[in-house]
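Asks: Chains as they are written, first to last, in the numbering used here: chain A, 1 to 263; chain B, 1 to 230; chain C, 1 to 133.
Honestly, I wouldn't trust all of these hints.
As the list claims (entries may be wrong) - If you anchor each label on the Cβ, the simulated ranges turn out as follows:
{"id": "1", "chain 1": "B", "residue 1": "126", "chain 2": "C", "residue 2": "34", "range": "39 to 47 angstroms"}
{"id": "2", "chain 1": "A", "residue 1": "17", "chain 2": "B", "residue 2": "97", "range": "21 to 29 angstroms"}
{"id": "3", "chain 1": "A", "residue 1": "92", "chain 2": "B", "residue 2": "104", "range": "28 to 36 angstroms"}
Said to hold, decoys possible - Computed far set for chain C versus chain B, every beta-carbon distance over 12 angstroms:
{"id": "4", "residue": "72"}
{"id": "5", "residue": "83"}
{"id": "6", "residue": "97"}
{"id": "7", "residue": "119"}
Said to hold, decoys possible - DSBU-like cross-link-like pairs, simulated, lysine-lysine; straight-line CA separation at most 35 angstroms:
{"id": "8", "chain 1": "A", "residue 1": "67", "chain 2": "A", "residue 2": "180"}
{"id": "9", "chain 1": "A", "residue 1": "68", "chain 2": "A", "residue 2": "260"}
{"id": "10", "chain 1": "B", "residue 1": "224", "chain 2": "C", "residue 2": "100"}
{"id": "11", "chain 1": "B", "residue 1": "93", "chain 2": "A", "residue 2": "260"}
Hints are computed from structural coordinates only; laboratory data are not their basis.
Even for Gly, the Cβ is constructed at its ideal location relative to N, Cα and C.
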Amino acid sequence: MFKLIKYEFIKKYRLITLILITAVAFNIFLIFRGAEGSLLFLIFSPIVLYILYLVDIIKMYGDDLNKKTGYMIFMTPNSGYKIITSKLLTAVLEGLGLLFIYFLFFIANSLYIISSLGGYIGLSHVINEINSFFSGNIGYQFNIVHLFLFLLTAMVVLIAFITTVYTAITIRKSLFSEVKYGGLLSFIIFVFINWTISWLSDRFFDFLSITTYNNNFEFLIDTGRFLPDTFYMFLLPIVAFALIQIMVLAAFSGYLLEKKINL
Amino acid sequence: MLIIKDLSKKYYNKTALRKVTLNFEPGKIYGLLGPNGSGKTTLMKVVAGLHKQNSGEVLINNMELSHKTKAYVSYMPTENFLYDSFKVRDLLKFYKDMYDDFRKDYAEELLCNIDINLNYKIANLSSGQVGKVKSVLALSRDADIYMLDEPLNGVDILSRDTILDIIIRSYNENKIIIISTHLVGEIEKILDSVIFLKDGSVELLGEVEELRQSHQLSVENLYKEVYKDV
Amino acid sequence: MTLIHAKEGDQLEFNNNIPIYLQVIEKIKQDIVSGKLKPGEKMPSSRDYSYELGINFNTVARVYKELEMEEIVFTKRGLGTFVTESTQLIEKLRKNMAEKLVEEFVSGMKQIGYTQEEMINFIKSKNRIERNE
Numbered sequence: 001m002f003k004l005i006k007y008e009f010i011k012k013y014r015l016i017t018l019i020l021i022t023a024v025a026f027n028i029f030l031i032f033r034g035a036e037g038s039l040l041f042l043i044f045s046p047i048v049l050y051i052l053y054l055v056d057i058i059k060m061y062g063d064d065l066n067k068k069t070g071y072m073i074f075m076t077p078n079s080g081y082k083i084i085t086s087k088l089l090t091a092v093l094e095g096l097g098l099l100f101i102y103f104l105f106f107i108a109n110s111l112y113i114i115s116s117l118g119g120y121i122g123l124s125h126v127i128n129e130i131n132s133f134f135s136g137n138i139g140y141q142f143n144i145v146h147l148f149l150f151l152l153t154a155m156v157v158l159i160a161f162i163t164t165v166y167t168a169i170t171i172r173k174s175l176f177s178e179v180k181y182g183g184l185l186s187f188i189i190f191v192f193i194n195w196t197i198s199w200l201s202d203r204f205f206d207f208l209s210i211t212t213y214n215n216n217f218e219f220l221i222d223t224g225r226f227l228p229d230t231f232y233m234f235l236l237p238i239v240a241f242a243l244i245q246i247m248v249l250a251a252f253s254g255y256l257l258e259k260k261i262n263l
Numbered sequence: 001m002l003i004i005k006d007l008s009k010k011y012y013n014k015t016a017l018r019k020v021t022l023n024f025e026p027g028k029i030y031g032l033l034g035p036n037g038s039g040k041t042t043l044m045k046v047v048a049g050l051h052k053q054n055s056g057e058v059l060i061n062n063m064e065l066s067h068k069t070k071a072y073v074s075y076m077p078t079e080n081f082l083y084d085s086f087k088v089r090d091l092l093k094f095y096k097d098m099y100d101d102f103r104k105d106y107a108e109e110l111l112c113n114i115d116i117n118l119n120y121k122i123a124n125l126s127s128g129q130v131g132k133v134k135s136v137l138a139l140s141r142d143a144d145i146y147m148l149d150e151p152l153n154g155v156d157i158l159s160r161d162t163i164l165d166i167i168i169r170s171y172n173e174n175k176i177i178i179i180s181t182h183l184v185g186e187i188e189k190i191l192d193s194v195i196f197l198k199d200g201s202v203e204l205l206g207e208v209e210e211l212r213q214s215h216q217l218s219v220e221n222l223y224k225e226v227y228k229d230v
Numbered sequence: 001m002t003l004i005h006a007k008e009g010d011q012l013e014f015n016n017n018i019p020i021y022l023q024v025i026e027k028i029k030q031d032i033v034s035g036k037l038k039p040g041e042k043m044p045s046s047r048d049y050s051y052e053l054g055i056n057f058n059t060v061a062r063v064y065k066e067l068e069m070e071e072i073v074f075t076k077r078g079l080g081t082f083v084t085e086s087t088q089l090i091e092k093l094r095k096n097m098a099e100k101l102v103e104e105f106v107s108g109m110k111q112i113g114y115t116q117e118e119m120i121n122f123i124k125s126k127n128r129i130e131r132n133e
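With the sequences and hints as input, model every part of the structure.
Replies: Next comes the structure, spelled out in structure tokens:
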């Protein structure tokens, strides 16, 4: 497993490096335009990075199933389950890596913005800020645990989405590999899987029928702010459902890779 | 040991294999012959676990096909499947990491003998060089079954001899070597047996020397005879 | 093991219409008769020989087996295969080969209408020319 993940990164490290260098160059370019430029970077770079990330992660799997270079992996005595798990873990690690890099951008640009607005920043000041950030309160009644939970949810939901895409690609190359109009078909499969999942998730949340969930959701919309106490109730079911989705779809894809594949 | 029983494979617009039954014995080099579209590649891909058959059975060392049997099979696809961004050196590391039976020293020795520098990047190799690297990678594994799909295709004449030399060097009494080709004349001197595939079925099979004796023909001429109306 | 390109000079061109083992047997017999292979000399192993000639291993194994049956080579267990030490046998082999060549020659010449006399004269004159060259 470790080796499979290792080679995924060896294959893409050049591309990632290139994108990061571009991002840094762009950041510097925008910083020369003052605080607004810096802010602009903080707002738009995550959107661009997120799109590039998604494209990269989907291509990573799609290429292995659709291009001849995929034989490199599929000739090896690794099971289909192992292969798809390694892809998903690579996606998680790459996501975390990008998140961390954005965090660095965030700190650097924030410091610049604060200083350019006339605020004084000493090293001890920065360290104090980071310390207080990690020790708890972020603002309102939220703390670092809430932030972590939020990021976790976002991550898990994202991986669930990626797993769905992977499953559609896998079905295309296994169950429907001998059918015409495969590209179109795999898109229809993807839409169908998503529709099924949203139907299931509706049933799932109905089943939980957490009134507080609904009440707080309305409250959240009304006031425009979260209430920390109900934060868990709001996010944990989403995480649970997404995790189940990931496991079921990954197991199904792994089975297809193992038993039905036509590369 | 490789046993193929009643193997059939359909694609949406054609049947690639029709009830193919074959038995491969260790210590022999087999030629899998036939024009394009006769089922050679499909047969190899099924055995390599890259394609799934519709019906029939493949037994490798008495095991049904699965990811586990891939450990016994060293398959060289005819396409260029190597990562473009890798250097030859990286490929050796990849094979070493992925296959317990990969003999890196042997591969390095072979590559050195055929003047392929480990620092060459795959994207910059000529098709002849790619062919040689692919053959070296496949044959440097200490597998039970080697399947080389069209190893001479797109390869210049000098490189062809080199590839044949590497195959002969890699032979031993415990291995099955299967080579698919339609360039029969250049390869027939290294073969023990040949299998003629025609339209997904086995048309003729036999020991090369016996066929030469009984038909008074080279395998190449026999090939022309068998496929004259294709 | 030798380098891949560094092969022996006398690589055979095989005629694929005739079983290859028969051609290799013929070549070895020629080498023995001509003295290229000395009586008692060690032959290359089947593996090396197959590599040297660029042909299938089992073909070479068969060659050695057939030659052993004709007692032209013999195997010492664990040591390898050797050319026969019997000069008598080699002489016989030489004679057989000469006979075969002459037979072919004579039947060919007859077909183009040479008499025995003419053939002998022809050989003599041919021989003289070659010696002068």
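Asks: Hint by hint, note whether the structure agrees.
Replies: Tested hints:
1. Checking the proposed 39 to 47 angstroms range against residue 126(B) and residue 34(C) shows it holds: the Cβ atoms sit about 43 angstroms from each other.
2. Here the CB-CB span from residue 17(A) to residue 97(B) is close to 22 angstroms, well matched to the stated 21 to 29 angstroms.
3. In this structure, residue 92(A) and residue 104(B) meet the distance hint of 28 to 36 angstroms, their C-beta atoms being roughly 31 angstroms apart.
4. Even its closest Cβ contact with chain B, about 19 angstroms, leaves residue 72(C) beyond 12 angstroms, as expected for a residue assigned away from the interface.
5. Every CB of chain B lies more than 12 angstroms from the CB of residue 83(C), the least distance being 24 angstroms, so the non-interface label holds.
6. No Cβ of chain B comes within 12 angstroms of the Cβ of residue 97(C); the nearest lies about 22 angstroms off, and the non-interface call holds.
7. Every C-beta of chain B lies more than 12 angstroms from that of residue 119(C), the closest at about 30 angstroms, which supports listing it as non-interface.
8. With a C-alpha separation of about 18 angstroms, the suggested pairing of residue 67(A) with residue 180(A) holds against the 35 angstroms cut-off.
9. Distance check on the hinted pair: residue 68(A) and residue 260(A) sit about 18 angstroms apart at the alpha-carbon level, within 35 angstroms; holds.
10. Pair hint residue 224(B) plus residue 100(C) holds up; C-alpha atoms about 33 angstroms apart against a cutoff of 35 angstroms.
11. Between residue 93(B) and residue 260(A) the CA atoms are separated by roughly 30 angstroms; this keeps the pair inside 35 angstroms, and the hint holds.
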